[in-house]
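Colleague: Chains as they are written, first to last, in the working numbering: chain A, 1451 to 1795; chain B, 1451 to 1795; chain C, 1451 to 1795.
Hints in this document: simulated from the structure, not taken from any laboratory. There's no promise every hint is true.
Since copy identity is lost for identical chains, a pair holds within one copy or between any two.
Straight-line alpha carbon distances no greater than 27 Å define the calculated DSS-like cross-link-like pairs of lysine-lysine that follow [unchecked claim]:
1) K1512 with K1495
2) K1646 with K1577
3) K1767 with K1697
4) K1512 with K1526
5) K1648 with K1583
6) K1767 with K1495
7) K1646 with K1482
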Amino acid sequence: MIINVAQLSELLQGEYTGDGETEIHGPSQIDKGIPGTVTFLANPKYEDFAYTTEASALIVQKDFSPKSPLKAALIKVNDVYGAMMFLVEKFGDNGLPETGISDMAQLADGFVRSESISIGAYSVIEKGVTIGKGTVIYPQVYIGHGAQIGEGVMIYPGVRIYPGTIIGDGCIIHSNAVIGCDGFGYRPDEKGHYVKIKHAGKVILEKNVEIGANAVIDRGTLTFTKIGEGSKIDNLVQIAHNVVVGKHTVIAAQAGVAGSSSIGDHARIGGQVGIAGHIHIADRIEIQAQSGVHTGKYSEGSRLFGYPAINYNDYLKSYAVFRQLPDFKKKIEALEKQISALKGE
Amino acid sequence: MIINVAQLSELLQGEYTGDGETEIHGPSQIDKGIPGTVTFLANPKYEDFAYTTEASALIVQKDFSPKSPLKAALIKVNDVYGAMMFLVEKFGDNGLPETGISDMAQLADGFVRSESISIGAYSVIEKGVTIGKGTVIYPQVYIGHGAQIGEGVMIYPGVRIYPGTIIGDGCIIHSNAVIGCDGFGYRPDEKGHYVKIKHAGKVILEKNVEIGANAVIDRGTLTFTKIGEGSKIDNLVQIAHNVVVGKHTVIAAQAGVAGSSSIGDHARIGGQVGIAGHIHIADRIEIQAQSGVHTGKYSEGSRLFGYPAINYNDYLKSYAVFRQLPDFKKKIEALEKQISALKGE
Amino acid sequence: MIINVAQLSELLQGEYTGDGETEIHGPSQIDKGIPGTVTFLANPKYEDFAYTTEASALIVQKDFSPKSPLKAALIKVNDVYGAMMFLVEKFGDNGLPETGISDMAQLADGFVRSESISIGAYSVIEKGVTIGKGTVIYPQVYIGHGAQIGEGVMIYPGVRIYPGTIIGDGCIIHSNAVIGCDGFGYRPDEKGHYVKIKHAGKVILEKNVEIGANAVIDRGTLTFTKIGEGSKIDNLVQIAHNVVVGKHTVIAAQAGVAGSSSIGDHARIGGQVGIAGHIHIADRIEIQAQSGVHTGKYSEGSRLFGYPAINYNDYLKSYAVFRQLPDFKKKIEALEKQISALKGE
């Protein structure tokens, strides 16, 4: 959305001073204002920034009277917070595709169109797929045969959904994420050549799961890989075959969970964490970024750190001494000499 | 595939009891049975699960007689293992596109169609590309000019193949993998501004290589980046320019190999491992997940761990002491005091 | 490009001996020559390779006379280096799409076509997008509404650009990168369920930025995420919301920068590095691959290593002792015994 100061002022039922023609492309923070944006003076303690901000427009309370000249156009409103919320909503508009199915999407024969769905250009919907009402499929998405997509789901451009995947209501899947591809499963034959293990399972995302851009979730070998209700998976995360993630758990960017492990509810997994295969991470465990977790022995609510991961405070204490190790080496050598001397050697 | 209990029983030449109309969407494990699936009682020691499983149907040997009431519909067959294999095959069907070239694919002029190939909608095949017989190109794939794709290859939706790439027979490439993009090569000029180094090389995948979803393999600078026969690369792996991976080597998810390094045959690289540039990893080396390998000095068959990686057992032993470091600090301080006392200080 | 030896010789104004019909698919290095390629003898100290190389053609100086029989066809030229540069240029041709807009691209109403642009098949350009002259949009790209793309930009197949993104002149974005998706921002409610924070900000790439394949850059929450002029971001990198990267900084593959952190100019971030949120990395800092940086306290030009990262040399020294820890344990135990003995215990 691009709008000028006069139009913006009118939308906010405010009054403006300055150049009404100035174009505004979005909001910015008052201390990091950039030309072509509008900012807000909501908290009086930031007033100094009002005179120096690079933003092109400044929204203030009706009764604000500047102590110095302002560079920005001024828009006076009754309720700065309300205006702020209104504009974040307005500029934050993700440009939802219009409801409807593009002529340029390819739908398998027999596709049943439900209410208020949107399917963008160059998307492919294979046989037997069901899509719930209000769901938005952006352009260039692939949905493999037999996948079941719930209601009010958002699937961004370039997402690939392999056959049989089940996606619950209210899920959001960001661009180029891949859901349901084969797990990394092979059996070495007598020559050490790897023979692919057939994957017949699927991926289940429960309600209100969000999956980040370029994340990958492998299908189960025989049964399923599952992400529990309300859990949030960040960009570039790897979830291997047969993994089960509980409810309301967050997994930050570039973390990876190896095959057949499970994670409890309300856990918090940091970025770039690695979790070994075939272990269980208890509820409410917190894992510090980049840690490598090789065991499921830590109890509910534990906080882990390190490689391999141990209790957070234990790792910090050991690492503090690790940093002094060259000194320790000298101390031990000194002790050895002194003892030799004492022993008369 | 969706099928009901009666149809399933008929397919398996079995006999069923219970509701023949119940719909079955796939297989599940007996201890993790889910409604709408069929499970198997193959090993008598799991019999207890037969009475509690949530699966809607249960396949058993002909001579099975339940000791308690069953919730699941029962299908009696001659050979439970055979039925299991049959169904994994059946439900695991990936929905191969039908043979043929979609009207909605864009083929460069002069494209020569070989036998039994399939090219999906919205795929783009540039000039000079060759595709071997029996190869499946799913929808939304991009194949840059001059790429040579072998026979019996599977390329899933959203894969991007840059110009000149060579892909051997029997390779499988999962969704959104990128093969052949420019390496991360720049020269700083006198101001420290980076000048891009032209990449003229290519990527060669030998026979029966599998590449995971969202993995990236950079092209060679002048010559090539190569993945040897039968090697398997997991999701989100990074292979930099000029890297050569040997035959029958596996590289787990999110691992990265920096420029111009090489890896031998039958090596096993764990998830999130990092391998520095310009080193050689010997044949049959095993690298523990998340390790950082900075040297090529370890010999064939070594097992590595740590950051930087050292021999597996050495790292474990050192790490065991690392965990006791705060105690050691106290011990050394105590020793110092005792010696001072002994010396009469 | 495929060419035969006779044609190649003619292009280089050289003279050839051997089979003029032999097909050449690209260049290779003399010590790693492969059949079907042409190599170069530029430095006399590599002459031995000339007799053993597997390459099908060899380019040499006019006055070269072989001491032994050659397997490769020989092409004699006046200037081997010049020929080399010419061929890298020739074979390195990335197959730029022809200028023009594909009939199979979907352009929003009102799209204004600028000079010499190229938009490939199955790309989608939403409302309000501007694209500068000479910019190449490959097939299968998505550009969200209101995005502003500069001049001379290259956007490879499968890139997804969310609404409002601003891309400066001369940027290069590799396949399947995602620019401008929502950050990983949630607020837990009283039940510990995560409520999505609306993202209204954008991504700004300044001039001459390069973004690797499958990299992800999240949009700002309210304002922006920015990559400074001339900075280079490798494959599979994660840049979280509100991050600001300075100018002429390089970030290697699979590194991640958490939310609201900033990185100075001319910094060098290794592969798989993790940088915590809300910290500042000073100008010209170098971070060793896989390090985890948790603090912004290190000054300009520092070199960091470790987990958590400390000064490079300090980490190496401590790690050298870490490797001797099992010995140290024994030494301390021996010291304790000797002191007990000395004390007459």
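Colleague: For each hint, tell me whether it holds in the structure or not.
Modeller: Hint check:
Taking the closest pair of Cα atoms, K1512 and K1495 come within 27 Å of each other only inside a single copy of the chain (17 Å); across copies the shortest separation is 77 Å, beyond that limit. In this homomeric assembly, K1646 and K1577 come within 27 Å of each other (Cα to Cα) only inside a single copy, at 26 Å, whereas the closest approach across copies is 33 Å. Neither within a single protomer nor between protomers do K1767 and K1697 lie at most 27 Å apart by alpha-carbon distance, with minima of 32 Å and 37 Å respectively. With identical chains, the CA atoms of K1512 and K1526 are at most 27 Å apart within one copy only, with a shortest distance of 5 Å there and 80 Å across copies.
Proximity of K1648 and K1583 under a CA criterion of 27 Å is satisfied inter-copy only: 23 Å between copies versus 34 Å inside one chain copy. When the C-alpha separation of K1767 and K1495 is checked against a cutoff of 27 Å, the pair qualifies neither within a copy, at 40 Å, nor between copies, at 47 Å. Proximity of K1646 to K1482 under the C-alpha cut-off of 27 Å is restricted to the inter-copy arrangement: shortest distance 24 Å between copies versus 53 Å within a copy.
Of the numbered hints stated above, those contradicted by the structure are hints 3 and 6, listed in ascending order.
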